[in-house]
Amino acid sequence: SQQGEEDPQALSIQEGENATMNCSYKTSINNLQWYRQNSGRGLVHLILIRSNEREKHSGRLRVTLDTSKKSSSLLITASRAADTASYFCATDQADSWGKFQFGAGTQVVVTP
Amino acid sequence: SQTIHQWPATLVQPVGSPLSLECTVEGTSNPNLYWYRQAAGRGLQLLFYSVGIGQISSEVPQNLSASRPQDRQFILSSKKLLLSDSGFYLCAWSVGELVPEAFFGQGTRLTVV
Numbered sequence: 001s002q003q004g005e006e007d008p009q010a011l012s013i014q015e016g017e018n019a020t021m022n023c024s025y026k027t028s029i030n031n032l033q034w035y036r037q038n039s040g041r042g043l044v045h046l047i048l049i050r051s052n053e054r055e056k057h058s059g060r061l062r063v064t065l066d067t068s069k070k071s072s073s074l075l076i077t078a079s080r081a082a083d084t085a086s087y088f089c090a091t092d093q094a095d096s097w098g099k100f101q102f103g104a105g106t107q108v109v110v111t112p
Numbered sequence: 001s002q003t004i005h006q007w008p009a010t011l012v013q014p015v016g017s018p019l020s021l022e023c024t025v026e027g028t029s030n031p032n033l034y035w036y037r038q039a040a041g042r043g044l045q046l047l048f049y050s051v052g053i054g055q056i057s058s059e060v061p062q063n064l065s066a067s068r069p070q071d072r073q074f075i076l077s078s079k080k081l082l083l084s085d086s087g088f089y090l091c092a093w094s095v096g097e098l099v100p101e102a103f104f105g106q107g108t109r110l111t112v113v
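Residue numbers (the numbering used here), protein chains in the order written: chain B, 1 to 112; chain E, 1 to 113.
Just so you know, these hints were derived from the structure itself, not from any lab.
Don't take every hint at face value.
Unchecked claim - When the alpha-carbon atoms are kept at most 25 angstroms apart in a straight line, the in silico SDA-like pairs for lysine to any residue are as follows:
| # | chain 1 | residue 1 | chain 2 | residue 2 |
| --- | --- | --- | --- | --- |
| 1 | B | 99 | E | 5 |
| 2 | B | 56 | E | 2 |
| 3 | B | 99 | B | 41 |
| 4 | B | 26 | E | 61 |
| 5 | B | 99 | E | 55 |
| 6 | E | 80 | E | 68 |
| 7 | B | 99 | E | 103 |
Note that the structure is a prediction, hence the values are computed from the model and not measured.
If we strip away everything but chain E, and leave its shape as in the complex, we get (with noise of 0.2 angstroms):
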């Protein structure tokens, strides 16, 4: 079965520091891959999207990037962390057309002080 993992699940940085969340799904090939973002007490904003290595999308103008090295690995980063940066993040993947649910990751807190 397939199974996604997210980590860390909290995190604390000081403004300026560099940042990287890893997110790995296991059980499947060629996955789409997701990156969301969840402000307190609101809904998730799609980050990033990826259909394949090195195919990344980004959907919203920010102070993050994202990377995917390998089929089943999604990395989110930055180089110098913004207090406004700090959320909710979470990691999901997707199959495809014959399968369109989207499956989520236990999320990571982000704390930027």
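Chain B extracted, bound-state conformation (with noise of 0.2 angstroms):
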């Protein structure tokens, strides 16, 4: 079953523009992954956040997550037309660890 369900389904900003989603989950969980998707190609690892942490950056990616709401955020800061990708959350629940349980993915499209 769908753990995680990302919001929006797709976003089009232009290049230098911030793009968000979100993911929202279920039942509490262990750490919730990032994944990238271009089309047509495996899945890139992004970040993880772990369930004891609130905040996460990599580059120009920054990562949070709040367990009391069971959800988290995706943010790209100043983003670039080679972000068009979807975007996955993945969740590791607590009483299945290692079980990875995916959304349906945000589509960004950003135009330069």
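Take the two lone chains and join them into the complex the hints point to.
As structure tokens, this is what we get:
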């Protein structure tokens, strides 16, 4: 069953703007991961945030986690055309460690 | 460094034919291994999960099976493909609780005709 649900389903922005997408989940988690997928390709791991963490940064990426609201957000700052991709969150549920459940993804289009 | 190999990249098979997709991981021992399927424009559905040789957990009832004959080899199979088996199949691995990230292969695009 789907655990994570991304919002919005699609996002269109111009280069230089920030892109924010959200992920909500239903049950307690060990960690939450964000991935990027270019069309027809495999998933690239972006960042992992553990359940006891609230915020992490990696380059132009910023991830927050609010376990009380069972939600996470991914912010991409100063977006580039190369950021065009689908973004997925994956949760590792507390009662089934290691079995990652994915949401349907947010499709991001960055126009020059 | 660890790498994951998945092949073939694309595959077109007739209905009723068998299937064998292979995934191997290099540079790590005793990884957790996964098979996911992605329908067009959708998220990933976990199909199989393995924590060791011969240990396979099936997550959804289906026409597919998985095997792990060696520590770093994971095989997805079917005896008779259905049209509904078409999709994008992804293999992934992870190490464990201390390094919980999952890393993916490049996927196999399967079209059943």
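Against the structure, the hints:
no., hint, verdict
1, B:99 x E:5, "holds (20 angstroms)"
2, B:56 x E:2, "holds (24 angstroms)"
3, B:99 x B:41, "holds (21 angstroms)"
4, B:26 x E:61, "holds (23 angstroms)"
5, B:99 x E:55, "holds (14 angstroms)"
6, E:80 x E:68, "holds (20 angstroms)"
7, B:99 x E:103, "holds (13 angstroms)"
No hint from the list above goes unmet by this structure.
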